[in-house]
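*Asks:* Next come the chains, spelled out residue by residue.
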Amino acid sequence: MHYLKKIDSAFAAVEKWLIVVFLSTMITFTFIHVCLRIFLINLNLDLAQILLKHLDWSQPLVRLLVLWVAFIGASLVTRDNKHIRIDLLGSVLDGAPKSIWSLVTSGASLAISLFLVKASIGYLISEIAYNDLLFLRIPAWIGHLVVPGALMLISLRFFISLMTALDKIGNDVFRHSPTQPTATRK
Amino acid sequence: PGLDLETSAKQPPRYVIKFATVAPEGSTWMKQMRTITQAIEDETNGRVIFRIYAGGVAGDELEILKKIRMGQLQCAAFSGVGFGKILPEVRVLDLPFLFRSYEEVDRALRRLKPYFSQHFREKGFILLNWAEVGNVYVFSKRPIRVVGDFRKSKAWSWAGDPIAKETFSALGVTPITLPVTDVTTALSTGLVDTVYAPPLGLLALQWHPYVKYMNALPFAHSTGALLLSSRTWEKLPQELGKFISSEFEKSMSTMTSQLRQQNEEAIDVLKNHGITIIPEPTGQALQKFDAIHRRVASALSGKIYSYSLLKQLYGILGRNTR
Amino acid sequence: MITAALILIVILSLLGLPLFLGLFGVAALGLYSNGVNYQTIFIEVLRLADAPLLLAIPLFTFAGYLLAHGGTSRRVVRLSQAFFGWLPGGLAVVALVTAAFFTAITGATGITVIALGGLLLPALIEDHYTEEFSLGLVTISGSLGLHFPPSLPVILFGFVSGVSIRDLFVAGVVPGLLILALCSVFAILVGKKWKILVASRPKVRILPALKEAAWEIAIPGFVLAGIYTGIVTATEASAFMVVYVLIVKVVVFKELSLRTELVPIMVESMKMVGAIMVILAASLALTNYLVDAFVPMKLLHLIQGLVKTQLGFLIALNLFLILVGCMMDIFSAILVVVPLIMPLAKQFGVHPVHLGVLFLANLAIGYNTPPVGLNLFIASGRFEQPITRVYRAALPFLLVLFISLFLITYFPSISLIMVNH
Ligand code: NA
Ligand code: NA
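Chains as they are written, first to last, in the numbering used here: chain A, 6 to 191; chain B, 1230 to 1551; chain C, 100 to 520.
Among these hints, one or two may not hold up.
What the hints assert, rightly or not - To give a feel for the contact side, a few chain C residues facing chain A, derived at Cβ under 10 Å:
(1) G124
(2) V303
(3) M371
(4) L399
(5) I477
(6) S479
(7) E483
As the list claims (entries may be wrong) - List of simulated lysine-lysine pairs, DSSO-like, C-alpha gap at most 27 Å:
(8) C:K445 <-> B:K1260
(9) B:K1381 <-> A:K58
(10) B:K1517 <-> A:K58
(11) B:K1314 <-> A:K58
(12) A:K58 <-> B:K1370
(13) A:K11 <-> A:K21
(14) C:K353 <-> A:K21
Treat the hints as calculated values from the structure; they're not laboratory data. Cβ atoms here follow ideal geometry from the backbone N, Cα and C, with glycine treated the same way.
Could you put the whole structure together from the sequences, leaning on the hints where they help?
*Replies:* Next up, the structure:
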């Protein structure tokens, strides 16, 4: 558990920096692209034309980064346990029932996200088989690697919250049992 | 085999073919398509059933292609966008300023069909028949009569189409690449003032209120095709497969001539909307357009299609190959 | 077996399963039961990487988070007090009008809540509106302005249906203003009841307030002008807005530290983007299943069997579209549903332009109706509020929206008054 949390925060640190780099790239390239086009149309600058031609991969790159940022963001949100949910029970339950219920939802989340990991890997393998290419002849599966990657991290985080919920239930039971000495508790 | 016949006599197996296209529901093309597929269903007593996903509800051509690979769909109408991923060399037919008449188009498509059929088969597709999109023309706010007029235009282009890219480069234009859905806004705001489309497409996309001129010289002829996945083809009993492909063979020529007629009528509608038709250039002006064609054709040969295919096409059209 | 699994996932989704997992689960199970390879859901997921329009979501979100940081809301509130101090609920009206313009530009409703919500919600609360009222207002503000040019859903509707896009825009002006006006009147009435501003606040002088807020209040104007003059598209405008807001925050007001504050804002805003975009991806996957199984078509056939009159058709259409609005995003809904209802509408004598206006009004409302409504989820994620609280907050405004939908649907002249010359 302790190790898992360490791995988790190491990944999170990398993910945060990826977001910063990718978002900056998206802003910069979109901004430059539009500026060049404005220069070209209104001032007819030859330089703008040449640069635009050499930057024709930038728009597909930016679109691809939307996918990366979205999935990395979703993975980090899982870590904060802040995914959007219709939590009709959340405000009703409290204490031990709440812990048990969060165990159930974490378990179901883990199951579905593991299923998605498997399915997405299968999809990427078919992309490799068909040798699909993106801009600049980048293999499609590399561009789309973020999907199984982020889903794996999402699974890891659901696993951690599953263990946390288990822990909590254990603790709840523990606290209510008078025979156990408190000293051995960590 | 005897057993097979017996079971099929009791309960004939149903072959469900899911067909997708970006062509809008309600268009004559789709109506014709529904007639053909209905006829096939009737003639085979419901042994072959088509499920039709029109109007892009199954995604754009690339998504449709992916869905065919994964077996969700079996059949589709593709044009240049899809060909680019399946069999790029077909796009030699989409070269700018290539054909000079429908007769030339028909001749080239007929003569090259065996060649392309075989190559589509190697890529996992059966070429049921050609299904053209039609002649594509240039529409603009300011008149574009000669090659030089392009330089002053704010031309729109599909993103990621190598032929369009090379063509505009030869014309000395850096096009503004936008998704199709953004073009109406871009035309109305003046972000672009020159577009290319088949006349029917221009009307359907409602770009016509924003342009004033159409050059009667076709910018390109956009080829399309009906493709069936080989996997499905192999599962079909031979006589059913033959029947289906002969049905499409029979009706596609009617479909093509209807489509061409409709595109001609669309041009009349555009005239009524006050769009001025610039007559096809002749003499030296036409030669300049041909020079653009030659430049694009040679720049792309070896990249999208082989030089020998281009030569073969020129041979069919009776052009010199230099 | 599959049905049992489906029911289980739906129940879990209502009771705390992250929504995107529920949607993915239903989509995969549905496809599987139809004999389709469930891996196809990733074809839809990867649309996120190939839709130029979607770039606007992360960029406008980031700009919105930047605006929410520092004194922007205070400055905007002061300005609105200077102008509308005499009008109870003045800021609410300003908020609604701004949001309407923003939706017209960005086309997709959710972006408005993300980009402007960070500015408007604290401003409204600072202006002594209750948190719940402010939350409701900001949430539904994403549904206003969908009818005004250059709104992309209108263009797409025109393209799919063949109805003149110009007529749709012209026809949309009065209904669009009507929705806006009803919401504003409601906000003013509430403001009056709560005696907001009028009594409690000192008078603010216009000129200093204007000078102070000019940098930020100009943003919607810049964006609008940039798009309407054809300099940029809506998506590209988002990049300009980011750069502009950064300059204003860092250089002009010096209230944002590039070293310590920028990175956390980037990360926080993209978490929000991630939470929303996985739901979008999952709902695209679900749409794939619904289309594959002809579900909208079957639903419509069902309705068709029950309905015999124009009035009945309109009522059924309203219910049907709200249902559709629950499951699909607006662009998929237009692609899938419009070809189905066009012939029916003709059969029942509904004017195609009127149909377009009520169709879009209906879908926009579907964004705010529980249990599944994208605006509700976005507001819940953006403002870190439980979804049930957002439901409650949006309810009064939702009633106002339903009144306007009722008027637009059953009084066709509201839409057609400008079209029939
Ligand atoms: Na809005
Ligand atoms: Na809804």
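*Asks:* Hint by hint, say whether it matches the structure.
*Replies:* Hints versus structure:
1. G124: Since chain A brings a Cβ to about 5 Å from G124 (chain C), closer than 10 Å, the hint holds.
2. V303: With a closest approach of 35 Å, the V303 (chain C) hint is violated.
3. M371: Nearest chain A Cβ about 7 Å off; hint holds.
4. L399: Cβ of L399 (chain C) sits 27 Å from chain A, so the hint is violated.
5. I477: holds (8 Å)
6. S479: holds (6 Å)
7. E483: With a closest approach of 7 Å, the E483 (chain C) hint holds.
8. C:K445 <-> B:K1260: holds (18 Å)
9. B:K1381 <-> A:K58: holds (18 Å)
10. B:K1517 <-> A:K58: holds (24 Å)
11. B:K1314 <-> A:K58: Holds - the C-alpha atoms of K58 (chain A) and K1314 (chain B) are around 22 Å apart, at most 27 Å.
12. A:K58 <-> B:K1370: Since the Cα atoms of K58 (chain A) and K1370 (chain B) sit roughly 25 Å apart, the hinted pair holds (cutoff 27 Å).
13. A:K11 <-> A:K21: Judged against 27 Å, a Cα distance of about 15 Å means the pair holds.
14. C:K353 <-> A:K21: holds (25 Å)
Checked against the numbered hints above, the structure breaks hints 2, 4 and satisfies the rest.
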